[in-house]
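S.K.: Each chain, written out:
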Amino acid sequence: MNDISTWDIVRNLLDGALWTIGLSLTAFVLGGIAGLALLFARIAKNPIPRRLAQGYIEVFQGTPLLMQLFMIFFGSSLLGLEISPWIAAALGLTLFTSAYLGEIWRGCVESVPKGQWEASASLALTHFEQMRHVILPQALRIAIAPTVGFSVQVVKGTAVTSIIGFVELTKTGSMLANATFQPFMVFGCVALGYFALCYPLSAYSRYLERNIHGSRAH
Amino acid sequence: MALVRINGLHKHFGSNHVLKGIDLDIEEGQVIALIGRSGSGKSTLLRTINGLETFEQGEIEVDGEHLHPRDTDLRALRQKVGMIFQQFNLFPHLSVGRNVMLATQVVKKIGEKEAEDIARTMLLKVGLLEKFDAYPDQLSGGQQQRVAIARALAMQPRVLLCDEITSALDPELVNEVLAVVKTLAAEGMTLIMVTHEMRFAREVGDKLVFMHHGRIHESGDPQQLFANPQTPELANFIGSIN
Ligand SMILES: Nc1ncnc2c1ncn2[C@@H]1O[C@H](COP(=O)(O)OP(=O)(O)O)[C@@H](O)[C@H]1O
Ligand SMILES: [Mg+2]
Numbered sequence: 001m002n003d004i005s006t007w008d009i010v011r012n013l014l015d016g017a018l019w020t021i022g023l024s025l026t027a028f029v030l031g032g033i034a035g036l037a038l039l040f041a042r043i044a045k046n047p048i049p050r051r052l053a054q055g056y057i058e059v060f061q062g063t064p065l066l067m068q069l070f071m072i073f074f075g076s077s078l079l080g081l082e083i084s085p086w087i088a089a090a091l092g093l094t095l096f097t098s099a100y101l102g103e104i105w106r107g108c109v110e111s112v113p114k115g116q117w118e119a120s121a122s123l124a125l126t127h128f129e130q131m132r133h134v135i136l137p138q139a140l141r142i143a144i145a146p147t148v149g150f151s152v153q154v155v156k157g158t159a160v161t162s163i164i165g166f167v168e169l170t171k172t173g174s175m176l177a178n179a180t181f182q183p184f185m186v187f188g189c190v191a192l193g194y195f196a197l198c199y200p201l202s203a204y205s206r207y208l209e210r211n212i213h214g215s216r217a218h
Numbered sequence: 001m002a003l004v005r006i007n008g009l010h011k012h013f014g015s016n017h018v019l020k021g022i023d024l025d026i027e028e029g030q031v032i033a034l035i036g037r038s039g040s041g042k043s044t045l046l047r048t049i050n051g052l053e054t055f056e057q058g059e060i061e062v063d064g065e066h067l068h069p070r071d072t073d074l075r076a077l078r079q080k081v082g083m084i085f086q087q088f089n090l091f092p093h094l095s096v097g098r099n100v101m102l103a104t105q106v107v108k109k110i111g112e113k114e115a116e117d118i119a120r121t122m123l124l125k126v127g128l129l130e131k132f133d134a135y136p137d138q139l140s141g142g143q144q145q146r147v148a149i150a151r152a153l154a155m156q157p158r159v160l161l162c163d164e165i166t167s168a169l170d171p172e173l174v175n176e177v178l179a180v181v182k183t184l185a186a187e188g189m190t191l192i193m194v195t196h197e198m199r200f201a202r203e204v205g206d207k208l209v210f211m212h213h214g215r216i217h218e219s220g221d222p223q224q225l226f227a228n229p230q231t232p233e234l235a236n237f238i239g240s241i242n
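Chains as they are written, first to last, in the working numbering: chain A, 1 to 218; chain B, 1 to 242.
If you're looking for bench data, these hints aren't it; they were derived computationally from the structure.
Virtual Cβ for every residue (Gly too), placed ideally from N, Cα, C.
Please note: incorrect hints may appear among the correct ones.
Subject to a maximum C-alpha distance of 35 Å in a straight line, what follows is the list of computed DSBU-like cross-link-like pairs (lysine-lysine) [said to hold, decoys possible]:
{"id": "1", "chain 1": "B", "residue 1": "K109", "chain 2": "A", "residue 2": "K114"}
{"id": "2", "chain 1": "B", "residue 1": "K108", "chain 2": "B", "residue 2": "K182"}
{"id": "3", "chain 1": "A", "residue 1": "K114", "chain 2": "B", "residue 2": "K182"}
{"id": "4", "chain 1": "A", "residue 1": "K45", "chain 2": "B", "residue 2": "K109"}
{"id": "5", "chain 1": "B", "residue 1": "K108", "chain 2": "B", "residue 2": "K125"}
{"id": "6", "chain 1": "A", "residue 1": "K45", "chain 2": "B", "residue 2": "K182"}
If you only want the chain A side, here are some residues facing chain B, beta carbon under 10 Å, derived [unchecked claim]:
{"id": "7", "residue": "Q116"}
{"id": "8", "residue": "L125"}
{"id": "9", "residue": "Q138"}
{"id": "10", "residue": "P146"}
FRET-style restraints, in silico, Cβ to Cβ [said to hold, decoys possible]:
{"id": "11", "chain 1": "A", "residue 1": "A196", "chain 2": "B", "residue 2": "R70", "range": "55 to 61 Å"}
{"id": "12", "chain 1": "B", "residue 1": "L124", "chain 2": "A", "residue 2": "G55", "range": "41 to 47 Å"}
{"id": "13", "chain 1": "A", "residue 1": "Q61", "chain 2": "B", "residue 2": "T231", "range": "55 to 61 Å"}
{"id": "14", "chain 1": "A", "residue 1": "G80", "chain 2": "B", "residue 2": "E53", "range": "16 to 22 Å"}
Model the full assembly from the supplied sequences, consistent with the hints where possible.
M.R.: Spelled out as C-alpha cells, the structure:
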C-alpha cells in the first residue's frame, strides 16, 4: 500500500509526543511563574493590581484557547512580528495556564483560615512575610492536588496548537494519517499517547486528593 | 504617663456605629478586665488597639507609638502589642518551637540560636518546654493557648491583649491558662483581657471596664463594682452571669 512502516509511524509519533511534553512543561513552568505573580496581584491590598489581574483572568478563562492562539499568531503578524508557531504556542499556552493557576491558587490561599492572617499580623509580620512564612506553606499543601489535576488540561490543551501549525503529537498524527491513509490506526495511537501522558497525572492528583486530609503537614 | 492612651475613639462597620467615643488610659503593669454583653464592642476595641481594625476618629497611643485613623504602617506598634485569640491560631505547619521563634527571626532579625533560646525560655514560662518539637495538632486546647501566649511573649510586648482566651476551652482546661495569665500579671505585664471569668476579673483585675452599646458604661475597682454596681445595666449584667 505504501512504504511507511508501523515503526515509522510510532517513531514519528514519539517525536511529536516529545514536542507535546516540551510545550506542556514550558507552559506549565512559565505559566506557574506568571500565575504566582497573578496570585499576589489578586490578593493585594491595593485595588488596582487586583482589578487588573481579575480582568486578565476573566479574558483568558472566558475565551477559547484556540481564539487566544489565533489572536497571538495572526495578531503578531499583523503587527509585523513574524513569530514561529512554537513561540506562539508557548506564549498562548503560558498565558492560558497562568490565568487558571492564578485562580486555583487564589482559592487555596483564601481557604487558609482568617485567624492565621490575624495571628501573624499581630506578631508584626508584613504582608509579604505573612504570605511567605504562614499562608503559602499552608496553601501549597492544599494546592498540590488541583495543580497536578490542572496539568492534565495543559497537556490536552497543547493539541489545539496543531491548528496554527505547531508540530506536536496531534499535528504529527494528521500528517501521518494523510500520508498513510490509515487515520483510525494513527489517531488511535495519538489518543493512546495522550492517555499515557495524562492518566498518571490524573491518577496522581486523585491520590493526593485522597491523602491530603489524612496526612500531616509534617 | 499612661502606657496605653485611647482618646475619642469611633468605629463603624458600615452604618453600624460600634465604638462611640472610647476614652481609656492604662498604666504600665495594670490588668484591665473588659466585660460586657456579646456585641457591645469589646473585641472591636481590642482589635483597633493593634491595628487589626481601622477606625474613623480618635487616637490611640501605645508606649509613644501613635495610631491614627486609617494608619497602615503598623509594624512598630505591633511589636509593642501582643494579642492572644479565642481560637489560639497557632501555625499548624510549624512545630511549637518554630511557632514561638518565627516572629523573632523574621521581624526582629534575631539569629537562629538566640531565637531558640528565647523560645525555650518562653515555653518554660508557660510550662511547655517539653513540647518544643511537637506540632499544634498534638496538643490539647489549653496547651495550644499557652503556646500562643509564649509566642506573643517572645516578641517582648509592652501590653498583651487577650480576647476571651478561655472561651473555646473545655472547662477543665481553663485554669491552666488562667494560671499562666495570673503569673504574667504578678510579674507586672500590662494586660487588657476580655473575659467572662468574673472571679478571675475580680481577683486579678486592677480595673474593671464594663462596655455597653459601644461605650464604656462604667469602670473602676473590680471589687467595688461587683459589690456595688452604679448603673442598672452593670447590675443586670452581673446578675445574668452569676
Ligand atoms: N468584621 C465585622 N464586620 C461587620 N460588623 C462587625 C464585624 N465585627 C464586629 N461587628 C459588629 O460590631 C459589633 C461589636 O462586635 P464585637 O466587637 O465583636 O463585640 P463583642 O466582642 O463585645 O461581642 C457587633 O454588632 C458586631 O456585629
Ligand atoms: Mg468578642
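S.K.: Each hint: holds or not?
M.R.: Here's how the hints hold up against the structure:
no. : hint                       : in the structure
1   : B/K109 - A/K114            : holds (25 Å)
2   : B/K108 - B/K182            : holds (27 Å)
3   : A/K114 - B/K182            : holds (29 Å)
4   : A/K45 - B/K109             : holds (25 Å)
5   : B/K108 - B/K125            : holds (21 Å)
6   : A/K45 - B/K182             : violated (39 Å)
7   : Q116                       : holds (6 Å)
8   : L125                       : holds (6 Å)
9   : Q138                       : holds (6 Å)
10  : P146                       : violated (18 Å)
11  : A/A196 - B/R70: 55 to 61 Å : holds (57 Å)
12  : B/L124 - A/G55: 41 to 47 Å : violated (53 Å)
13  : A/Q61 - B/T231: 55 to 61 Å : holds (58 Å)
14  : A/G80 - B/E53: 16 to 22 Å  : violated (55 Å)
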